[in-house]
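*Asks:* Spelled out, the chains give:
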Amino acid sequence: MNQAKPQGTMARTFQALKKDPLGMTGFVLVCLILFLTVFAGWLAPHDPLEVDVHNRLSSPSAEHWLGTDQLGRDILSRVLFGGQVALKVSLVAISVAMGFGLLLGMLAGFGPRWLDRLLVAAFDTVRSFPTIMFALAVIALTGPSLNTVIGVIIITSIPVYARVVRTQTLALRERDFILAERAMGASTFRILRHHVLPNIAAPLFILASMDVPAVVGMEAGLSFLGMGVSPPTPSWGTILNDGYSYLRNSPWPIIAGGLPLIAVTLGFTFFGESLRDIFDPRLQGKDR
Amino acid sequence: MSDSVLEIRDLSVGYTTDRGTLQALRDVCIEIPAGKIVGIVGESGCGKSTLISAIIRLLAPNARISQGSIRFKGQDLLGLSSEAMRKLRGDEISMVFQDPMTSLNPVLTIGRQMADVQHRSPSPRKAKNARSLMMLERVGIPDPASQLDQYPHQLSGGMRQRVAIAMALMTEPSLLIADEPTTALDATLEVQIIHRLQQLQADFGCSILFISHHLGVIAELCEEVIVMYAGAVVESGPTASVFSNPRHPYTQKLLECDPARMPQPTRHLPVIEGNLPDLIDLPQGCIFSERCGQRIDRCLSEPPLLSGGLHRAACHLQTGEA
Amino acid sequence: MTRFLLRRLLSSLLVLWLADSLLFGMIHLVPGDPASIMLGPRATPELKAEFASRLSLDQPLHIQLGRFYAGLVRGDLGEDPFSNRKVADMVLEQLPYTLVLVLAAIGGASLLGIPLGCFSAIHRNSWLDRLTGVMSVAFIAIPSFIVALYLLLWLAVKWRWFPAMGAGSVGDYPDQLHHLVLPAIALGLGWVGYIARLVRASMLEVMEENHIRTARAFGLPERTIIIHYALRIAILPTVTILGLGIGSMLSGALFAEIVFSRPGIGRLLYEAVLGRNYPVVMGAVLVTTGFFVFCTLLADTVNALLDPRLRKEAGE
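Chains as they are written, first to last, in our numbering: chain D, 1 to 288; chain B, 1 to 322; chain E, 1 to 316.
Please keep in mind that the hints were generated in silico from the structure rather than gathered at the bench.
Note that the coordinates shown come from a computational prediction; the quantities given were computed from them, not determined experimentally.
Beta carbons: idealized from backbone N, C-alpha and C, even for Gly.
Misleading hints may appear alongside valid ones.
Per the computed footprint, the stretches of chain D lying under chain E, defined by three or more beta-carbons under 8 Å from a beta-carbon of chain E, are [said to hold, decoys possible]:
#1 33 to 44
#2 177 to 183
#3 214 to 223
#4 243 to 257
What follows is a set of in silico ranges between Cβ atoms, one per label pair, in the way DEER data are often shown [what the hints assert, rightly or not]:
#5 B:Ala60 - E:Ile227: 22 to 28 Å
#6 B:Asp278 - D:Ala11: 31 to 37 Å
#7 D:Ala201 - B:Asp278: 38 to 44 Å
Take these sequences, add in the hints, and give me the full structure.
*Replies:* This is how it looks when you write it as structure tokens:
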């Protein structure tokens, strides 16, 4: 793992993945979700915003596979486009949070002791809020918007990444090869770039994969509360919100809005777990 | 034969591993006469632990008894159902384990654990506690009444081992198996415990299978001794005879390396050179041949058999009375 | 032991103080005038000024902060400017509903998860063990509001087994219990497999320990060994995780309260956010954060009490 060759690792990972049915299921689900979301524009049978008042809250039919909502909009198309919101949020939020987490974690792990303590205290403080409560407090100030949701997710996720990076950095810091490099006068930046980064890349990637469901769930949850994506933009959360209002008229919006969330959760979690077992046998349960 | 408490015949036990079967015990024969203390000596890895586990039938799941018999008071233990075997454990056969730090449950009080040992007795908890107190007194624990509410970590190592012995003798077993009970203790404590054990054995009249790598303790305590090496018995006989006139080169080396028996103190403890043979891929001839200083050609091709009368050894070189 | 707990208490208080200050800073340093935001665009300047003075918004920041801390110490969380009620009273009124919900969820999940974990540890690789393995990974990650919505849809609206709304009538315990079932399942379902997995892993570890071999060597019945000798130790790490889990449960409780129209602190917060009612938002978040930090501390304490070994180590 120390001197990982990219192609070798990819091939090895895939080989190992093939032997793990759950991990493979996750991988297939992830690919399927990505495909459906990225190509939503081609795949969606209708315009997700197209209103058809004569055909409200209908059950699934040949025309509308998942039925229609309270404005007669095609739910399947809304679900497909809703995936784009979820994907965008997770991509932006996770990459920014990971970037900051990497920076702050390395700083805490490699920097002076007072800085480490300060940063750890800051991480603990942010984590001491139940996430949704923190998000709502912020939204109370700024008003509901997708950008606020992304911002809150970034702030609350940074400590998660930073902690992992810090722990790994601290562990590496005392290792012989790093001490030797230091003795030879290598700069901290060089050590971080050439030794620490390659070593924490895999755990970070796995963490990110496992984090996707949390982020998607958070966006959907806040949109469900009417605090995220504003209508009429389709998002899995707003579909559920609409469905909740018309629950007694038609179950389809809720069924359709919940399924992709479950698929994303299972897909990324199984995939992430499997990757974790492949890359870091120390982390896995005693036998699996 | 009828006066033996335990009689093991040709016992072989193997562990299934990725590389093949690890033959941890091979053709082991051991007899423990009623009311006697028999010692087993050997380095770690000689198969002592496997032997104990086999006797009380608590072998690891990957272990397999390939041949032999273990008769306890004439009853074949290997043929017993696991339920029948469980009934014997902690009743007729008891154990004292090596490390008193870890062999008692850390989150239950001494009193609770001692009462649990009497789980077959129908008497109420009070009566069980009274018996526990009596036993604690007999193993020499001062102020036993206050110890019942203590947790194991609140006692010293020596006290804990006394508790363990008290627990083992609680049901007045016919056979007590003591697995290096004094190894974790310092020398003074060791002597105290050994004397206490001797006295208790005389009082209760049980047999003891005493396992140790400490030759001095074996010499002090045991009437008979069995020397094991790499999963086989290499020498056995009355303790005095084996220790004064060792016939197997391994026993000779063991005695040479015993710090208590060295003619003059040295800075470096002598050790037997070489390593244990690979128990998965055993050498063809004598198992000790690789490390033996007196090896002859025959040792490499033909495994020696245990031979002799009361004092037996498995070596091609052995001479003396038959 | 006392020193260990004292140190934990101090660090908890520090985190809580930082969190409260962060919250205060967020509300008071964000650009824009809280009074205008709260009252909306049509408020007259006079009304705004009166409102600001009632909330002490016209005072310098350090005085506001001082008053805020002084209030916190006295347990005073300020006043709801719309209803003129004490925020602390409003929060305390709602807190029991949330507590009951969270405890029911955790209790139910433990009641199912712990035996399941024991079973999985003893019958390793049985189909039930494999199933819990998959379940533990899958269910913990599924957002609890999805579970809540599906439960509502099927068990409350379609089959009408359980009520869809509210917490039941006051004083009628069976009715309250009936109302509690679905929200508690929604909240606790994910934890069943997770707890089972934790218990299983630590059971497997404990069953390898020497004292278990001793218990077996004394022929103790396997049941006694598992329940009294192994589980007592294996449960310890789970207690800590449960304490930490309460934080995510509080987030889930908010959704359960909204989906099932239950009273509770999550719902109070949600409505305060919708109404831009800062003092109430602040009070609700402060109390939940405090509760969360308290639970973490409690988990550590319980752990120390249950484990006599820890009692000693921490005491020395």
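*Asks:* Each of the hints needs a verdict: does it hold here or not?
*Replies:* For each hint, the structure was consulted:
1. 33 to 44: Coverage by chain E is violated for the segment 33 to 44 of chain D (0 residues, Cβ < 8 Å).
2. 177 to 183: With 0 residues close enough to chain E, the hint is violated.
3. 214 to 223: Since three or more residues must qualify, the claim that chain E covers the segment 214 to 223 of chain D holds, with 4 doing so at under 8 Å.
4. 243 to 257: With 7 residues in contact (Cβ-Cβ under 8 Å with chain E), the coverage given for the segment 243 to 257 of chain D holds.
5. B:Ala60 - E:Ile227: 22 to 28 Å: Check passed, 23 Å falls within 22 to 28 Å.
6. B:Asp278 - D:Ala11: 31 to 37 Å: Taking Cβ atoms as reference, Asp278 (chain B) and Ala11 (chain D) lie about 35 Å apart, which means the hint holds.
7. D:Ala201 - B:Asp278: 38 to 44 Å: At roughly 40 Å between Cβ atoms, Asp278 (chain B) and Ala201 (chain D) fall inside 38 to 44 Å, so the hint holds.
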